[in-house]
Structure formats: structure tokens, C-alpha cells
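2 protein chains.
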Amino acid sequence: MARTNTLGVTPQSEDFSAWYNELVLKAELADRGPVRGTMIIRPYGYRIWELIQGELDRRIKATGHENAYFPLFIPEGHLRREAEHVDGFAPELAVVTHAGGKELDEPLIVRPTSETVIGEAFARWIDSYRDLPLLMNQWANVVRWELRTRLFLRTTEFLWQEGHTAHASAEEAAAEVLTAVGFYEELVRDCAAMSVIIGDKTPGERFAGADRTVSLEAMMRDGRALQTGTSHDLGTNFSRAFDITFTSAEGVVELCHTTSWGMSTRLIGGIIMAHGDDRGLVLPPRLAPYQVVIVPIGRGDDLAGVLDAAASLAARLQEVGVRVKVDDREQLSPGFKFNEWELRGVPVRLELGPRDLAAGTVTLAARLAEEKEQVRLADIAAEMPDRLTAFQDALLERSRRFRLEHTRNVDTWDELVEAVSTGFANALHCADPACEDRIKEATTATPRCVPFDAPDEQGPCAACGKPSAYGRRVVFARAY
Amino acid sequence: MARTNTLGVTPQSEDFSAWYNELVLKAELADRGPVRGTMIIRPYGYRIWELIQGELDRRIKATGHENAYFPLFIPEGHLRREAEHVDGFAPELAVVTHAGGKELDEPLIVRPTSETVIGEAFARWIDSYRDLPLLMNQWANVVRWELRTRLFLRTTEFLWQEGHTAHASAEEAAAEVLTAVGFYEELVRDCAAMSVIIGDKTPGERFAGADRTVSLEAMMRDGRALQTGTSHDLGTNFSRAFDITFTSAEGVVELCHTTSWGMSTRLIGGIIMAHGDDRGLVLPPRLAPYQVVIVPIGRGDDLAGVLDAAASLAARLQEVGVRVKVDDREQLSPGFKFNEWELRGVPVRLELGPRDLAAGTVTLAARLAEEKEQVRLADIAAEMPDRLTAFQDALLERSRRFRLEHTRNVDTWDELVEAVSTGFANALHCADPACEDRIKEATTATPRCVPFDAPDEQGPCAACGKPSAYGRRVVFARAY
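Protein sequences appear in the order of chains A and B. Using the numbering used here, the letters of the first sequence map in sequence onto residues 29 to 508. Using the numbering used here, the letters of the second sequence map in sequence onto residues 29 to 508.
In isolation and in its complexed conformation, chain A is listed as follows (with noise of 0.2 angstroms):
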């Protein structure tokens, strides 16, 4: 049996998977919902899909997408409409057959996506050149019926923004998607630090119904893939499927060129995985609901003061714009309190006691380092910005360091499978479906994208020996 801490989670070092959902759970981000695959994102969890949120939207507004809200119910004929696009969610699909007591006469469908029910309004509301291009945004729930679950990474319901946009031009659309994978790179490196590789998918792993789609890579620490963001350019699949088309400005009736572009609750997942180790979660400063915590240390007469005085420090790192709490639970001992926070993954722990007090300093235990520090207790709210925008850096750092110590170049079949074993192989490939297919069969692993910033290169796949496609390396990983 595997070792526990004292808040009871195997170490992520014994058993990746265990430790991940036992983490989940003991952290309160999350619990199960009484449906198979569903899930209850408690505060804890949600208070950072809120910070994730207001940060991606921030970027998403700033460049003139506007937010709408489209129905969950799509009818089944909708989705038929784009044939790619129903027999890649086909299998997943949510089916509401009965309503107000009746069976319906069309079944409808849970929106596992939105393009259908969107390009449906694009096409009404698109008239001229005028109305292009049209970008909007929606913050939605969506299902996707999964055999195998997983809190965060893989549930039946989930949360996630869907962006969805029409264009005169493919320049436009193109130079959209772009844009998109933009948001995502900032959002991924400058708030949940986290070092991406982002390009191409191949043919086999594009969006269903797209001509190309960009993704997003991250890293975990177990060394596999997790895709924290899509970019999809639909071409005309979608107008031509909904009708969206536009008179342009000689008076030419042509079809608009569409992209959507998604990030979900999974990045939450993923931000555990990247960063957490055995005591439990690492949150990056930018989205911990909790960015310092104080814990009160002392007894009778004394604990009085303490309070105070962690009052007053909390209302000082407020002011310069901290996230702090302080945990003042009666019944709970000042040990189990530094564990349940470290198990939490908030950046710094303050610890203040009656000595503290006397000698004007406070306890400084942040969530990277091994030793404690004394700081000062009068300087400590004005450095904290600074310090934990350095905390901030040093994660995203150790995670760049991460994933490129977990990655290789890999020229033979056999290094190929050793490679994908502990992290990334970045392969010249042949992009035979056949020869992918292979890999997957014998490591699980997949082509995760073809880098935007890969040299060219040419030469035999590392898989069949057949020359390679694409001008550059792809990355294989196995992946969540």
C-alpha cells in the first residue's frame, strides 16, 4: 500500500493517478455528481475557473469579441447538417427525448459544441460585408458522454468558453485563429505558468469538421500531454453546411469563412498536474483563490493578540491588492492547518505567534521553497507583490525546465517508445494514419502538434523509416 501524508493523499511520486484523484477530492476542488462522469466544482475549484475566466475574457473583450449566449438544445437534423462534425460527436452525444410530458417529435440534443446552433444564427444575422467580421464569444456548460472519467480532465458535463467567428477572407479567419491561440498562450504562460508547445494538429487529431486546428501542449509531471486550449479554422465547411454567406462590397454573394476556438474547466486539471507534488497542489499566484494564507499561532491571553495582529496584516496586504486569509478555526491545531494549506497549494503561509509578535517578524513558508523564513512584519505586505510575481516566475521556470528535460529528439523506433515513456519525443514523421496508429498501439502515445517553431528538417520517420511530411518534427506524447 502506498504511503499517505497526513492528510491522507498518496504521493504523486508512488502513483501519479491516485495522487491526482485523491488530490481533487482532499483539496475540495471538486467532488463527483450523483450522474456517472459528472462533477461539483466546490469553491475552491471554482474560485479559480473565476480567475481563469476574468483573465481570458479580459483578452477575449479587448479585441472586439463580443459574449452571447447560445441554447443548450440543438435538434438532432442540426447536427446532421455537417458531416464530419456528427460522426466525430456521434458517439458522445446526450439525447432528451421527452419534454413536458410528452415524447418529442425531433430528439434534441445536449450541445456537445455550439458551431451548429451558432452558424444557424451566423446565417440570419450575416447580410453584407458590413456585418464581417461577426466574433463572439459564449461562457457555456457542454456534454460529451466519456466512457472513462476523470474529475477535470475527462467529465460528462463541463465548463468552458466556445469563441465562434465569420470572416470575408481565409486570410481573416486564418490570422483569427491566431488571434485565439494568442489568448491561450497568455492565459497558459502568464497566469498558470505553465510552458507550452503550440502548433499544428495532424489530419487525425483535428477538431471534427475542421481544415486545421492549432493546439495547445502542456506538460505534466508525469510526463504526458495535456491539450489546454484549441484553435480551429472551419473554412467553409460550416457556411456551407448553415448557409452563412455575405454580399460583398462589388455585390458578390459568397460564403463566409468560420473558426471557433475553446479553453475548459480541464485547464484546472492540468494546472494541478503541471505543478503539484507530493504534499499536494502548487497554485500560481495569478489564479490561487488564496494567494497568502496567515495562521495564528497562540493561546489564551496571547492567541488575542495574534488575531489582531493577523487582522491588520491581512487588511495591509489587501490594500497593495493580495488575495489573503487567515485561518483562524478554533479547533484545528496550528500542524494540521500548514499541512491542509501546503495540500492546497496556496503560494505563501504566514505564520504568526506571541514570539513573532515581541520581535516584529513573521514566518514566512513559501509553497516552493524547503525552508521557512523570518521577514519582517512591518515590510512584509509591501514586498508581497513583488514576491509572489517571483513565485509566479520561478514556477513557470521550473516548468519550461521541466518539459525540456522530458523531451528528446528521436530518430529510431526504439528510442521513439523510450522517449514517450517519461515525456515528449519530438519525431520526423511519415504521417501515414497506419504508422500513427502503430505508435499508439504499442505506447499509447499520439502526435500531440507540429511546433510552430520546430526547424525544418526532412529525413526518414523515426516510426516506418518512410520520408517524412510536414518539413519539421512532430511531437508524440501520450496524452490526457
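Hints were generated in silico from the structure; no laboratory data involved.
Copies of the same chain look alike in the list, so a pair counts if it works inside one copy or between any two.
As a list, the in silico EDC-like pairs of lysine to aspartate or glutamate whose alpha-carbon atoms are at most 20 angstroms apart: (1) LYS353 - ASP407; (2) LYS89 - GLU200; (3) LYS89 - GLU78; (4) LYS365 - GLU398; (5) LYS494 - GLU469; (6) LYS353 - GLU94; (7) LYS400 - GLU379; (8) LYS130 - GLU104; (9) LYS89 - GLU56; (10) LYS130 - ASP115; (11) LYS54 - ASP159; (12) LYS353 - ASP414; (13) LYS54 - GLU42; (14) LYS130 - GLU120; (15) LYS365 - ASP336; (16) LYS468 - GLU443; (17) LYS54 - GLU94; (18) LYS400 - GLU411; (19) LYS353 - GLU56; (20) LYS54 - ASP155; (21) LYS89 - GLU347; (22) LYS365 - ASP155.
With chain A held as given, fit chain B onto it using these hints.
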């Protein structure tokens, strides 16, 4: 056929219902979804919702409530555990019977409200009195299959927030019910500029499963009532059904007392109908997507200067926190734009032409005023926040006066019938359901609430002459 204005909306005074339906579409607040009774909330309408969310969410969090997210799907069996609750909602349920390509063993209900799924989670999370009060809220979509639907007012799917709390005592739960009413009162009065009455629902109008329901009732411009928020004391009904218990400080296992409270996208329908007029919407500044629209006027060389001045004015307005838009669409005439922004209810329109520029003035058209005003260009940005506050106050005062002018104390059947044809009737009432039914049949009016602030009064029921119940007058009205 009714007359229509330039943008084609039937005047409110000729056909209120047609006015509403056309206005929602023409102002681009919402559109119909492909499934009967569903709604697309377009960016202009969704922005109002975001502003409502911001105002309400802040108040909810400031009082210690935390946001969370619970699943969309509820097992059918869960809903049956509270008997009154399932009876109330059964006719309106949408049911998922198939998912992942198979028929499900147990059908899933698409949540019409979340007491049951949240109740089950509360039962797991609450252990001791130290876990109480548990104060949660979620922003979510819900589905109720309505026979007669109307955009915003009654849609198959709508957006709302639902608060759910558990307490150690009946007193604390009762206080919580009023805390939530306090949020709604502030939101509706200070942001939506609607003067409401607040009071208890009569037993026949309570939430299914509640011991007590408090509602806020606003008056629309046609004299009908619209409920703008409800707060329910659920007593121990749900904690009994879901086994939500706690161990008290004395070591005794007791049932929790729970509450729930909600406010939805219906409020947007209320804002439209409480303030709108023949020319279209009138939006309260605090919830207006654009508080000020600048319409530049001019041709050729003149226009460039005007556009520069408009951009600079917009920047100054933004600096003082005003939400402003410069309508620089080239293909439309100023006159068209004036009508359009009136239709869309923008509180203040600023018209800026070469002659204004030369004179250092700008023409100001307030949405509630008959006459335009010339104001000094140099001063208007600094003055605008106060002007918007004055607009907001005037709108609330107009709403209050309208409600009072259309409310009558009635003591006879004839007076009651007459009063509810144009507004609210304050009537002593016997509380007999048969008497309520008779009133409803004759007038379609129902008891809206028993206002908190009505004076104590007894006497014969206005409808049937039997002795009055409730100890004060009940408000009867036709309602949305």
C-alpha cells in the same frame, strides 16, 4: 394595422405585447433559438446580463457566500425524494433517456432548479455545527418546458443564479431568506431602477417544497406584475428528504434548515417593460451596455475633425468611468442612428457636428427628455457621471410614481376587477383557494404577495366578504 416607427416597432400604447416582442428582436437583445421556446441572448442583451451578474455577484460574495457549480443532470430518483417539489416541477421537465449511443438505465432530468442535487452534496459535506452555515451560490442554466413562451420572460432554458444555504437553526435560515431579499432589493432598486413591493407569497403561490417564499414584484408599463426575485425558506423539508444533518455543539444530531433564492434573465424582460416607451427601450444607466453614444455628423474634410473630437471626447468619458460608444458607421445617416439608439435605450446621446465643434458645444439628447440641450464640449465629460446618476434617480422615481398611480386599495368585487385591469389591487382577502381561483378565472389576476410594509388591517374579503386572513392587504395583479 398598428403604426410603426422608423425602425418598425409597434407603439407600446397600441399593442403592448407586439411592442415587446418586436422590440426584443429589433433592439438585438435576443433572438429565437431553433428549439421551440429557446432563446439566443445576443451581445447587447448579454451585456446587460453581465452587468446584472457583476452587481449581484459582488453582493452575494460580500456576505460570505461562495460560488460553486453543480451538475446539469439530476437522476430522476433524486427529484422524487421531496414530494411537493417533484409535483411542482414534473409537468415542466426535459428528460435525457439516451446517451453515448445507449438507452440509460435511469432517465436523467435536465435541472429545472438544483435543490435536490445540491441537497445530496450538502448531506455529504456537512458533519458538525462547525460546517454551518454553508452558504453557496451558482450561476447556471436551467430548463423548464413551458407551454407558452416569450423571450426573456418565459423561455424553455434560462440563465439564473441560485443560492443554496444550510443553517443550524430556523432563526438563522429565516434571517438568510431576508439577506437574499436584500441583495435583490438593492439590485432592482439601485441598478434596475425599478420600484418594487416585497412580501410573502400566499401558500398557493409558494415555491414547490418551501415553507415560506418572499418575492419582489415590480409593475410593468401595462400595469401587470413581474416577479424580479424570490427567496425561499425550505424549513427541514429538503434536509429530511436528503438527510442533511449536523452534530450540534451538544453532540446531538439535528436536521439542517435550508434556504434557496434565485434571480434570472427574466429581469431583463422586466427592465424592458418597466421603463420602455413608444420609441423603444429606456435602459437604466447602471445596467446600460453603453451609457453614452456619440454620433459624429459631417461630410468630407469636416468629418475627419469631428471623428477626432468624438474619439477624444469618448476617451475623456471613459476616464471618468462612463461606458461610451462612438457610432462611426459610414453607411448610415445620423437620423437613422438617432432612432436606433433611442430604440436601444441608450440613456444619453451626444451629437457632434462641425458647427458644434466651432462653437465648443455638443448637442445632448437624454432618453427621458423631450428637448435636446446644447452643452459645453469642455465640461460634458466631467459632468456626465452626475447626469447619469440623475437619470438613474429620475427613472426610479418615475417607476415609483407609476406604480403608486396604478395601485388602488379595493374593498369590493367590482373595485377589484376594475383595479387589476390597469394595475395592482390591495385587497383584504380570505385566503380561501376557491376564492383565489374565482378571482383568477374572472380577471387572470393572482395574489402577488402580502407586502411587508402594509399596515395591519382586518375586514371582509374584497372578493367574497368572508373574514380576511393575513392581517393586512394582499396585492392582486395580472402577472407575467
